Each structure stands twice: as structure tokens, then as C-alpha cells.
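Here the protein sequences line up with chains A and B, keeping their order. Numbering (the numbering used here) for the first sequence: 16 to 119. Numbering (the numbering used here) for the second sequence: 16 to 162.
Bear in mind the hints are in silico, worked out from the structure with no lab data behind them. This one's a predicted model, so the numbers in the text were calculated from it and none came from an experiment. Virtual Cβ for every residue (Gly too), placed ideally from N, Cα, C. Possibly wrong hints are sitting among the right ones.
Stated by the list, open to error - Covered stretches of chain B, as calculated for chain A (at least 3 residues, CB under 8 angstroms):
| # | region |
| --- | --- |
| 1 | 31-37 |
| 2 | 41-51 |
| 3 | 78-89 |
| 4 | 118-129 |
| 5 | 155-161 |
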Amino acid sequence: MVITNVETLPNREIVEHHGIVSGSTVRSKHAGRDIMASFKNIFGGELKGYTELLTESRDEAISRMKAQAEELGANAILNVRFSTSSVAAGAAELYVYGTAVTIR
Amino acid sequence: MDLYIYVTLVVLGYFVGKSREASHYRSIQEREGKFASLPTVATKKPLPQEGELVDMKLVSGCTVISIDYYKRLIAGLRNIFGGNISSYETLVDRARRESVLRMKEQCPDASQIINLRIETSSVFKNSGKGSVGSIEVIAYGTAVIFQ
Chain A
16 MVITNVETLP NREIVEHHGI VSGSTVRSKH AGRDIMASFK NIFGGELKGY TELLTESRDE
76 AISRMKAQAE ELGANAILNV RFSTSSVAAG AAELYVYGTA VTIR
Chain B
16 MDLYIYVTLV VLGYFVGKSR EASHYRSIQE REGKFASLPT VATKKPLPQE GELVDMKLVS
76 GCTVISIDYY KRLIAGLRNI FGGNISSYET LVDRARRESV LRMKEQCPDA SQIINLRIET
136 SSVFKNSGKG SVGSIEVIAY GTAVIFQ
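Start from the sequences and build out the full structure, keeping to the hints where you can.
Take a look at the structure:
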């Protein structure tokens, strides 16, 4: 499975379009991470626990998108975009979407 | 008593935050030097280069960063008079450069990174009293490998 955020792949030909595929996860932080983060809040700087949390969730969203593309019989996802939004208090939604295609 | 605690936190925030920021900038500069020869562009087509294109893949890096007490106080004061809040500017600048570096570190054998996108969002806010305001910066692009 080729995943890129450009529209065309050099040297490869798109033979079929399968439309949009997407994956999303909504994750909440747990209390332990929040306590550590409140300490960080005094001194500033990176909140490593949150970074890890979001990275994990993003990987999860990508694998959901991949599963959807595989179901459609695609072998590549082009023009992938990420977006993050905070939907509920203390939670973040990670959304990944792209175009599933078959390439040769 | 509350005031004492607050003042202590502000003073702590000032000194610790300042030294952390300085050490983070040192680390950013050192790592940026390492990747100085890797072209990273926002265009969608790879730059012309010798050799054959063998692989392309999505790379991304993300950072969540928060501000310290002292800077929050200064920003609060700035809000009254308006103008640049330079303490926040360095904060987002750090987060952005860090994210781009993490993205580059994901694919050390890349020849170029094309279609770079950087996005900022504020996450995990408004979760009640004592919540931590933080921003997330994600950088993503396509790593192109020539051989």
C-alpha cells in the first residue's frame, strides 16, 4: 500500500479511482497524564504524554483508512490530509482522509 | 497565601521555562544542521534530481507544547494594550521546527521531502478547572527516495 500526500505518482499510472477513504479516532487523555501535564504547565515545554497519545491515535486512524482502502481493492492512497479538532472537553479527534486508487 | 503560591509559580516558570527554551533551541539548531542538505519543499512535484525514483512514502511528525506561567502572565498583560505577544511566537516556532525535524527523522534515507504541510490546532482544552492549554503542531509530507 502506497500512501502519499501528492496527487500523482511519477512513473506510475492510475487505472482506477475508488473515491474517498477516511479513518478517524477520538481519544481522551487519562488522569495520570493530565497530572503530569499540569506540572509541565508551570514550566512550559513539550507535553510528551500528549504527543505520544496523539501519535498513537494518528497511527490508528491511518490503519483504519488503510483497511477501508483494502476493502475496496485499492493499492494506493493519494492526496492524504490530516486534521485535528477538539470535539469534546479533554478529547481530540484525529481525522485522516485520502483518495483510494489502483495504480500500475 | 494564594498570592505567594502564584508568585512562586511565576518565578519558577520564568527561570525554568527560560532555561528549557534555551536548551530546546540548542537541540533544534544542532539537529537542523544535520538535515541542512535535505531539500524540503511545499511543491507537489519532486525537484529534478539525478537517479531513479524508487520509493515514496508519507512521513509525519507531531508535537504538543504548553506555555509556562510567566509567559501566560505576560500574555495576559499584553491583552490589555494589544500588540505582538512574542512569548507565544517563540512557543509556536519551537513546536513547528520540532515537528518538521521529527518528520525528517522518520525517514533518514529520503532524498527530498515534497508537499510539506504544517497544521496547528489547540487540543485538550476546556476540560474543567486547572485544565492545560496546549497546542499541537503536525507536519507531514511525502518522502521521496532517489537511487
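Against the structure, the hints:
1. 31-37: holds (count 4)
2. 41-51: violated (count 0)
3. 78-89: holds (count 8)
4. 118-129: It is violated, with 1 qualifying residues against the three required.
5. 155-161: holds (count 3)
Going through the hint list in order, the structure does not satisfy hints 2 and 4.
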